[in-house]
Amino acid sequence: MFLQIHSQLDSSQNFIITGGAGFIGSNLTLALQEKFPDARLIVIDDFRSGDFKNLAGYRGDFVAQNLANLDWRRQFGDQKFDGIFHLASITDTTNHDQFEQVHDNVESFRHILNFARPTKTRIIYASSAATYGPATEASVESNGAAPANVYAFSKVVMDNIARRAAAESSDWIIVGLRYFNVYGPREAHKGMPASMIYHLSRQIKAGQRPRIFKHGEQKRDFVYVKDIVEGSIRGLDARASGIYNLGSGQARSFNDLVGVLNNCLGTNFEPDYIDNPHAHYQNFTEADLSNARSALGYEPRFPLEDGVRDYMQWLYPG
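When you line the sequence shown up against numbering that gives the first Met the number 0, it's residues 0 to 317, in that order.
Hint data in this document are derived by calculation from the structure and do not stem from the laboratory. Hints are all accurate, no fakes.
The calculated SDA-like cross-link candidates involving lysine to any residue, where the alpha carbons are at most 20 Å apart (straight line), are:
#1 K225 <-> P302
#2 K119 <-> W171
#3 K189 <-> W313
#4 K225 <-> D309
#5 K79 <-> P117
#6 K79 <-> Q32
#7 K225 <-> D305
#8 K119 <-> S169
#9 K189 <-> K204
#10 K213 <-> F268
#11 K52 <-> M311
#12 K34 <-> A237
#13 K225 <-> A30
#14 K52 <-> S194
#15 K189 <-> F51
#16 K119 <-> Q12
Kindly generate the complete structure, drawing on both the sequences and the hints.
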């Protein structure tokens with residue numbers, strides 16, 4: 000099914016992927032390379048939260064630059080691009096340097112908008128489920144923003160300026176994607192900000208009880224990176240600008256997750272419940288996918304059991 004979409008796109012496309020050495024960005028870059036083998040790909044990354052090892056097998060170009068300081072016109076001149084995937088940002092929600100978070104995330108995006116505006120180059124950018132703040136039911140894109148940390152605030156501002164830019168012309172497509180709790184291959188380099196699925200699996204493989212917050216009833220919309228990549232590429236087919244949720248569409252408890260990991264790893268560890276030290280913690284996340292389904296044709300293929308199984312086979316081969 001996935002290989003049959005994008006029939007209107009010529010394979011000889013030109014794409015920029017910012018943050019392409021990072022977790023989601025590298026998976027997206029390698030998927031674009033596979034789907035469009037004749038495409039010209041340019042990754043921009045400064046390796047603050049990326050790793051060159053994530054791009055093993057990459058055949059495209061690479062620009063090592065900090066986006067907040069990049070002069071796009073000087074770097075690319077009058078080159079034309081069919082799409083810019085903007086995934087670069089400071090993603091560590093525990094980074095409390097407000098100036099750094101907002102300046103780097105927002106100003107980098109503003110530079111991209113200014114570069115793309117004259118040619119109305121399509122932009123697909125990473126927003127975040129963090130913009131919703133605390134929730135008790137599935138989040139809908141029309142919900143008001145309630146950022147609980149400066150990272151989420153920076154994403155709210157990005158959404159605001161994206162809407163304003165898109166309103167300039169119906170011919171300029173700008174697609175924002177609110178990624179939920181993403182996990183999967185090529186995230187290990189992130190360290191502590193890597194998914195809890197990664198960290199819990201490492202604890203189990205080390206013979207330790209997996210540590211989760213008391214009493215494991217918190218729920219997350221855990222979404223496999225392969226679904227996120229497919230949804231992001233589907234942004235190339237969007238007929239109008241918009242901001243959409245990308246998740247699995249199903250919240251699962253931390254206790255559920257421990258059970259799934261035990262099943263995939265052939266273990267039987269009980270959770271080790273610990274106190275939650277975080278004052279502002281999302282105890283529930285779930286994506287309402289109605290708009291993503293109608294506008295992007297997005298349909299997640301990996302429920303938690305299947306995604307974790309696929310990930311564990313990649314992470315621990317043999």
